[in-house]
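One gets this note's numbering by counting positions in the sequence shown from 1 and adding 110 to each.
Please note: incorrect hints may appear among the correct ones.
Stated by the list, open to error - With beta-carbon atoms standing in for the labels, derived distance ranges: (1) Gln265 x Lys172: 39 to 45 Å; (2) Gly280 x Leu164: 31 to 37 Å; (3) Lys229 x Met178: 15 to 21 Å; (4) Phe134 x Gln174: 58 to 64 Å; (5) Ser266 x Ser197: 45 to 51 Å; (6) Phe159 x Glu194: 49 to 55 Å; (7) Arg181 x Glu251: 44 to 50 Å; (8) Leu164 x Pro284: 40 to 46 Å; (9) Ser278 x Glu191: 45 to 51 Å; (10) Leu188 x Tyr269: 45 to 51 Å; (11) Leu188 x Gln265: 34 to 40 Å; (12) His285 x Phe159: 47 to 53 Å.
Derived from the structure by calculation, the hints contain no laboratory data.
What you are looking at is a predicted structure, and each value in this text was computed from that prediction instead of being measured.
Don't be surprised by glycine CBs; every beta carbon is placed ideally from N, CA and C.
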Amino acid sequence: LNPNAAALIGLTAIVAALIGVLMFAALRFAAAARESRQHLRENNTESAFVTAALHEALTKLKAQEREMSARAEASERLSGEIVESLSSGLLVVSSNGHLRILNPAGRRLLSRDDSALAKPYRDVLPGALAGLVEECLKKGEPIVRRTLQISEGDQSPAYLGVSVSPLSNGHGEPHGAICL
């Protein structure tokens, strides 16, 4: 072979090798792109699944919240109806000494109106009853069925059988008194 032919064969081999390397790189790049697209599709599917699951969980939580709100409102309404319907007088005093609840029967027995609410019980209740509530608040013990004589002004005295119990929160801490 003459030197020109050998050079041509050598250059052809080098060019073929370079083309082979370029083809190998291009195929690797295409395979990486394909894997990347596939991975993105899987992640999109996962993301869509996670999003759908979170949306469903949030919808369930909102429905539960609405149900609990409705139950709480119904319970509050029933509690109010029970207090208002009692034929016995009922009053609740808070730990800070203010009258929180005075049902219609209690208002009739004590000759008070709605303006008595949120006032200090000592200003609203007759002396003997205020003393009984104060005793319960101080001692933290129930007073069961004590007879009180209550008289106001020119009226003849009224005799009431009174029970006073301390109110406590779920942890046993006192926060008022209830009188029936």
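Here's how the hints hold up against the structure:
| no. | hint | result |
| --- | --- | --- |
| 1 | Gln265 x Lys172: 39 to 45 Å | 57 Å, violated |
| 2 | Gly280 x Leu164: 31 to 37 Å | 33 Å, holds |
| 3 | Lys229 x Met178: 15 to 21 Å | 34 Å, violated |
| 4 | Phe134 x Gln174: 58 to 64 Å | 59 Å, holds |
| 5 | Ser266 x Ser197: 45 to 51 Å | 22 Å, violated |
| 6 | Phe159 x Glu194: 49 to 55 Å | 52 Å, holds |
| 7 | Arg181 x Glu251: 44 to 50 Å | 34 Å, violated |
| 8 | Leu164 x Pro284: 40 to 46 Å | 44 Å, holds |
| 9 | Ser278 x Glu191: 45 to 51 Å | 24 Å, violated |
| 10 | Leu188 x Tyr269: 45 to 51 Å | 32 Å, violated |
| 11 | Leu188 x Gln265: 34 to 40 Å | 35 Å, holds |
| 12 | His285 x Phe159: 47 to 53 Å | 49 Å, holds |
In summary, the structure is inconsistent with hints 1, 3, 5, 7, 9 and 10 from the numbered list given earlier, while agreeing with the others.
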